[in-house]
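Could you build all of it, start to finish, from the sequences and the hints given here?
Just so you know, the protein sequences line up as chains A and B, in that order. Using numbering that gives the first Met the number 0, you'd call the opening residue of the first sequence number 0 and step up by one each time. Using numbering that gives the first Met the number 0, you'd call the opening residue of the second sequence number 0 and step up by one each time.
No wet-lab data here; the hints were simulated from the structure. Ideal Cβ positions, reconstructed from N, Cα and C, are used throughout, including at glycine. Be a bit skeptical, because a hint or two may be false.
[As the list claims (entries may be wrong)] What follows is a list of derived Cβ distance ranges for each label pair: (1) B/L111 / A/G73: 39 to 49 Å; (2) A/K134 / B/I290: 19 to 29 Å; (3) A/A196 / B/F6: 39 to 49 Å; (4) B/M115 / A/D140: 42 to 52 Å; (5) A/G147 / B/S202: 25 to 35 Å; (6) A/G43 / B/M115: 30 to 40 Å; (7) B/S119 / A/G43: 51 to 61 Å.
[What the hints assert, rightly or not] Reference listing, derived: stretches of chain A covered by chain B, where coverage requires no fewer than 3 residues with Cβ under 8 Å from a Cβ of chain B: (8) 88 to 99; (9) 110 to 124.
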Amino acid sequence: MAGVKPLMLEVINVNKTFDGFQAVSDVRLRVEKGQVVAVIGPNGAGKTTLFDLITGQLAPDSGRILFQGEDITGRKPHLIFRKGISRSYQIVNIFHRLTVFENVQIAVLSFQKKSFHWYGAARKMAGAETRAILKSVGLADKADQISGFLSHGDQKVLEIAIALGNEPQLLILDEPTAGMSPEETGHSLTLLKRLCADHGSTILFCEHDMGMVFSFAHEIMVMQQGKTIVQSTPAEVRSDPRVQAAYLGGADECSG
Amino acid sequence: MIVDRRFRLAALLCGWILIFLAAPFFLSRYYLYLIGLILTTGLLATSLNMVLGFGGMYQFHHSVFYGVGAYSFALVSMKSGLPPVAGYVAAPVMAALASLIIGLITIRLSKLYFGMLQLSLGSLVWAIVYRWYSFTGGDDGLHGINIPEAIASTRGVYYFTLVVTIVCLWLMFRMVNSPFGRIFQGIRDNPERTEAIGVNVKSHQLVGQVIAGTFAGIAGALFVTLEGSVFPDLLFWTLSLELIIMCLLGGWYVFFGPMLGAAIIVVLRTFVGIYTEYWTSVLGIVLMLLIYFLPQGILGYFQRRQLSEEP
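Written out as structure tokens, the structure reads:
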């Protein structure tokens, strides 16, 4: 709890190497409580790797990751989730044979520590919480559909709904609107803004859609070739000469 | 619509149970034995499907736990001097122990590697049983195993098998539909994501494997009750393969699929076996047709049709 505002997440000089390739190099990142922070950078800049390191899918070679002041470096993913960090994925990563309802219900059951209950019918449990989440993301009318048959846009929204199952204190979204139509992107942005307004959610996300990044994020962290170039407000990032040289010049190539 | 489906399923099951209860009054001794064999094999296949169809685990050598259960029952009732009931306790306990030990070794690996290591460890158990003449009877097996008086008659064995099977299926059905079962299905569809929502995947898989092994052990004890003997073929890998085929044939995403698959395979083996000793070639043809035309299995096909008909 150092600094003026309480820090939700702090990434300190984290490194990760794959077979000699430095994917993440001395990365620094700060997310304050209630803040929306975007990570941008060209493809291969290490954004997803950074998220994997924070949520425990990968363990860093060196450096530290603090969540609410607690060191969570290298912890297992399920333990990090229980601490209150939740994430959605760039590529749709859902339980495709289960219904929309069951997809979210699994996350809620896990959060309620009911994963080892083998008596009692699951359909009678966690119903209210699950329905509330589905309603807040606008999937309530599709609750009984098999999730594998949903449209891509709906599956991406379901991604976020699953991530909301543990009432996360920090929500990490890996390209939440990738592959969506402009309409669906607009819908998702509205949804995320409402989440922030209603719950004061802290969100860390990465995105190629610059319109979304600059209209939604309070702060932007720019990565290039695994390194942090700068973390600052959108206005400062836009005018930063290093960022312009490294990244924004090529932003037109990166479609949403 | 869902309530209606549940009601239909309950009505269908009650109908089947009534038919099974009435069967001894109009079927000959041989057919009662055959039904008993179908129930036992179906229980075994259903226990496999707990981890295969609902857990997505490559349980390649499930029959080991069946064999361990059968041999435990046989050895306890022949050599221990304890009352025969002790055998019915020993079978699931020893099978659970075996699946815990094999599970602890194999669970660290995933998918195919898990299956291959299980296959080799299981074959090791088979080799011990096959060679240890003084204790297990080697390739002759053990014969003339005493069955408790109360259920020793043809009808007694039949009703005992029926009741145990129904109770076990009911327990497994509850587990599949419990929070544990729901999360198990999540692991099947997407282990990485399940881990990312706070589930310790490996420990769930281990627990699932022990549950499946325990029910396989119960099926093993039922088989001995029915047959009065044990032999090493019970834990040979070919039986494990047949069990997997039963699950695929009946539909491995449907709870009662393996029971149907077991019924078809047991009946085929019994009646095709009268005409040719190459009955496995018939099995091979069935398997090929299945993969091409019914990849979801028989019940899976009907379930899918039903789902697409309902609005």
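Within 25 to 35 Å: is that where the Cβ-Cβ distance between A/G147 and B/S202 falls? holds, 27 Å
Chain B over the stretch 88 to 99 of chain A, status - at least 3 residues with CB closer than 8 Å: Coverage by chain B holds here, the residue count being 7 at a Cβ distance below 8 Å.
Is 51 to 61 Å respected by the C-beta to C-beta distance linking B/S119 and A/G43? This hint is violated: roughly 41 Å between Cβ atoms.
Coverage claim, chain B over the stretch 110 to 124 of chain A, checked by counting residues with Cβ within 8 Å (three needed): With 12 residues closer than 8 Å to chain B, the stretch 110 to 124 of chain A meets the three-residue bar; holds.
Using the Cβ atoms, figure out if A/A196 sits within 39 to 49 Å of B/F6. Holds: the Cβ-Cβ distance is about 44 Å, inside 39 to 49 Å.
30 to 40 Å as the expected CB spacing between B/M115 and A/G43, which holds or is violated: holds, 35 Å
Note whether the CB distance of A/K134 and B/I290 lies within 19 to 29 Å or breaks it. This hint is violated: roughly 42 Å between Cβ atoms.
Do the beta carbons of B/L111 and A/G73 sit within 39 to 49 Å of each other? Once the Cβ atoms are compared, 28 Å apart, the range 39 to 49 Å for A/G73 and B/L111 is violated.
Using the C-beta atoms of B/M115 and A/D140, is the stated range 42 to 52 Å upheld? holds, 45 Å
Hints 1, 2, 7 from the earlier list are contradicted by this structure; the remaining hints agree with it.
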